[in-house]
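Each protein sequence line maps, in turn, to chains P and Y. What the first sequence shows, in my numbering, is residues 1 to 85, in sequence order. What the second sequence shows, in my numbering, is residues 1 to 389, in sequence order.
Heads up, some of the hints might be wrong.
Derived Cβ-Cβ restraints for the label pairs, each shown as a range [said to hold, decoys possible]:
id, chain 1, residue 1, chain 2, residue 2, range
1, P, 31, Y, 189, 27 to 33 Å
2, Y, 135, P, 34, 21 to 27 Å
3, P, 57, Y, 227, 42 to 48 Å
4, P, 66, Y, 123, 52 to 58 Å
5, Y, 130, P, 28, 27 to 33 Å
6, Y, 270, P, 28, 32 to 38 Å
7, P, 60, Y, 24, 48 to 54 Å
8, P, 74, Y, 339, 22 to 28 Å
9, Y, 363, P, 66, 46 to 52 Å
10, P, 63, Y, 270, 36 to 42 Å
11, Y, 236, P, 66, 42 to 48 Å
12, Y, 37, P, 34, 42 to 48 Å
13, Y, 167, P, 36, 48 to 54 Å
14, Y, 34, P, 63, 34 to 40 Å
Hint data in this document are derived by calculation from the structure and do not stem from the laboratory. From a predicted model like this one, the values you see are computed outputs, not experimental measurements. For glycine and all other residues, C-beta sits at the position ideal for the given N, C-alpha and C.
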Amino acid sequence: MVNVPRDPRKLCCHCLNVTFGKVEETVRAHGCRSVAQVTELCRAGGGCRSCHPDIEDIIRDVRRETRSAGLSGWLQRLFSGGNGT
Amino acid sequence: MTVIYLDNNATTRPLPAAVDAMLRALRDEYGNPSSIHGLGESARKIVDEARARVAELIGARETEVVFTAGATESTNAAIRGCLDAAPAGARRLVTTAVEHEATIEVARHLAQAGVEVVTLPVDSGGGLDLARLESELRKPTAMLSLMLANNETGVIFPVADAARLARAAGASVHVDAVQAVGKIPLRVEELGVDFLSLSGHKFHAPKGVGVLYVRRGARYRPLIRGAGHEGGRRAGTENVPGIAGLGVAAAHMASGIEARSAHLRRLTEVLEERLLRIPGTRINGRRDGRVPGTVNVAFQGIEGAAVVLTAAREGVCLSAGSACAAAQFGGSHVLEAMAVPFDHLYGAVRWSCAETTTESEIVAAAGIVERAVAYLRAMDPAAARSEGR
Numbered sequence: 001m002v003n004v005p006r007d008p009r010k011l012c013c014h015c016l017n018v019t020f021g022k023v024e025e026t027v028r029a030h031g032c033r034s035v036a037q038v039t040e041l042c043r044a045g046g047g048c049r050s051c052h053p054d055i056e057d058i059i060r061d062v063r064r065e066t067r068s069a070g071l072s073g074w075l076q077r078l079f080s081g082g083n084g085t
Numbered sequence: 001m002t003v004i005y006l007d008n009n010a011t012t013r014p015l016p017a018a019v020d021a022m023l024r025a026l027r028d029e030y031g032n033p034s035s036i037h038g039l040g041e042s043a044r045k046i047v048d049e050a051r052a053r054v055a056e057l058i059g060a061r062e063t064e065v066v067f068t069a070g071a072t073e074s075t076n077a078a079i080r081g082c083l084d085a086a087p088a089g090a091r092r093l094v095t096t097a098v099e100h101e102a103t104i105e106v107a108r109h110l111a112q113a114g115v116e117v118v119t120l121p122v123d124s125g126g127g128l129d130l131a132r133l134e135s136e137l138r139k140p141t142a143m144l145s146l147m148l149a150n151n152e153t154g155v156i157f158p159v160a161d162a163a164r165l166a167r168a169a170g171a172s173v174h175v176d177a178v179q180a181v182g183k184i185p186l187r188v189e190e191l192g193v194d195f196l197s198l199s200g201h202k203f204h205a206p207k208g209v210g211v212l213y214v215r216r217g218a219r220y221r222p223l224i225r226g227a228g229h230e231g232g233r234r235a236g237t238e239n240v241p242g243i244a245g246l247g248v249a250a251a252h253m254a255s256g257i258e259a260r261s262a263h264l265r266r267l268t269e270v271l272e273e274r275l276l277r278i279p280g281t282r283i284n285g286r287r288d289g290r291v292p293g294t295v296n297v298a299f300q301g302i303e304g305a306a307v308v309l310t311a312a313r314e315g316v317c318l319s320a321g322s323a324c325a326a327a328q329f330g331g332s333h334v335l336e337a338m339a340v341p342f343d344h345l346y347g348a349v350r351w352s353c354a355e356t357t358t359e360s361e362i363v364a365a366a367g368i369v370e371r372a373v374a375y376l377r378a379m380d381p382a383a384a385r386s387e388g389r
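Chain P with its partners taken away, still in its complex shape (with noise of 0.2 Å):
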């Protein structure tokens, strides 16, 4: 899950009715870049829109999540003995 204390049960997108779990669930399914993206998978975002920052929160710290595992598998591979590619 990622670092920030966000309580998945709670409402992310209040007009849309989307809890900040199905906004993450939905980033790490679709490895989501943008708030369109999200917003047109699971609806989030697509209210009065303040919830933006929030959604995009969480897209970055989905990515910088994802790109630290790879890159700690990336070097686990390296000292283990792989090529590390």
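Model the placement of chain Y on the given structure of chain P, informed by the hints.
Frame of chain P; chain Y shown alone:
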């Protein structure tokens, strides 16, 4: 006869705690908040506490909260105050076709006085075209004024995006948030607005008191001039009892928003499911992206006002269009702007719930309205034919 009150977008029942606070202020704390003796200080404390609660409700600084007599005044003050302060080359107002009369009439008056007014259309679901807004903002514009949630349909406008476009174009932004309070979070920073209007009686405070948020540094000249009340932004001795009640209601609205909106959403689902069983019925406004608790339903071939009056005989309080326009002849400007078909246009009935509304009330009221619709259609053979009987 049991009353089922489903006209909460017109006005709400004041909270008992708000009434208690008002009575105390009216009976005991009758000093003038500007007086420097004890009674004056007590009244000042009531006003300050209420201001802090409103600031918390909308995510503003206390100094940015101005008490008014209601959202009509707030809207007048925001639009006129901003246009008054605008440079000569930018006396231009952009608004939408579905605003409350408080905005429409100010815009009309300003247009007569030489201000260029642009009225943006909406789509059939009541949504706003942001590309069209962006193109209209290419000319120097003093203000964009729009609703957060529509009073007739509950449709939510993309205010945060619209505000971003307006700010980038150098325009100030006013949002009429009257129907959104307590149903979706109101955070002025996230919305990116310079002005925000609220009416106390729409969220369980009394009538005759409202709020205008004026962002620090916003372009604004006061509408009501006199002594230096409200930081010089709205003259006139404060309505202390009204403000006391509003403060209590604001604190109530700021908490439990998720539970409240979940309850209202459930009521909306039950209501829509029941109403759509009636033949020749349509829900006006898109199904997604509306504030929970507001349902605008049109019954083909009959008059909404006739449904409202027939249901009222059995204690159900509804509204045909908005209460503010109910006394005016003609169809709703909101539904006309959404191009609602003619045979449904005059059959619109607005249902608006509060957190105190129960599911059994909704079911009972839907049954009463179903019978009212059948009765009215039976009286009018043309309506019966349009329904396919």
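Problem - Outcome for the supplied range 48 to 54 Å, where the beta carbon pair is residue 60 (chain P) and residue 24 (chain Y) - result: holds, 49 Å
Handout entry: residue 66 (chain P) paired with residue 123 (chain Y), Cβ distance criterion 52 to 58 Å
Key = With Cβ atoms ~37 Å apart, the hint is violated.
Exercise for the section: Could you see if the CB distance from residue 37 (chain Y) to residue 34 (chain P) stays within 42 to 48 Å? Expected result: violated, 60 Å
Problem - Range hint compliance [Cβ, residue 135 (chain Y) to residue 34 (chain P), 21 to 27 Å] - result: holds, 23 Å
Problem - C-beta pair residue 236 (chain Y), residue 66 (chain P): status relative to the range 42 to 48 Å that was hinted - result: violated, 58 Å
Handout entry: Satisfaction of the hinted span 36 to 42 Å by the C-beta atoms belonging to residue 63 (chain P) and residue 270 (chain Y)
Key = holds, 40 Å
Handout entry: Whether the CB-CB distance between residue 270 (chain Y) and residue 28 (chain P) falls inside 32 to 38 Å
Key = Holds: the Cβ-Cβ distance is about 34 Å, inside 32 to 38 Å.
Problem - Range hint 22 to 28 Å (beta carbons of residue 74 (chain P) and residue 339 (chain Y)) holds or violated - result: violated, 57 Å
Exercise for the section: Kindly confirm whether 27 to 33 Å is satisfied by the beta carbon distance between residue 130 (chain Y) and residue 28 (chain P). Expected result: Between residue 130 (chain Y) and residue 28 (chain P), where Cβ atoms are some 28 Å apart, the hint holds.
Practice task
Confirm or reject the claim that residue 57 (chain P) and residue 227 (chain Y) have a C-beta distance inside 42 to 48 Å.
Solution key: holds, 45 Å
Problem - Beta-carbon spacing of residue 363 (chain Y) to residue 66 (chain P) - inside the hinted bounds 46 to 52 Å or not - result: holds, 48 Å
Exercise for the section: Just tell me: holds or violated, for the beta carbon distance of residue 34 (chain Y) and residue 63 (chain P) against 34 to 40 Å? Expected result: violated, 55 Å
Violated hints for the displayed structure, listed by number in ascending order: 4, 8, 11, 12, 13 and 14.
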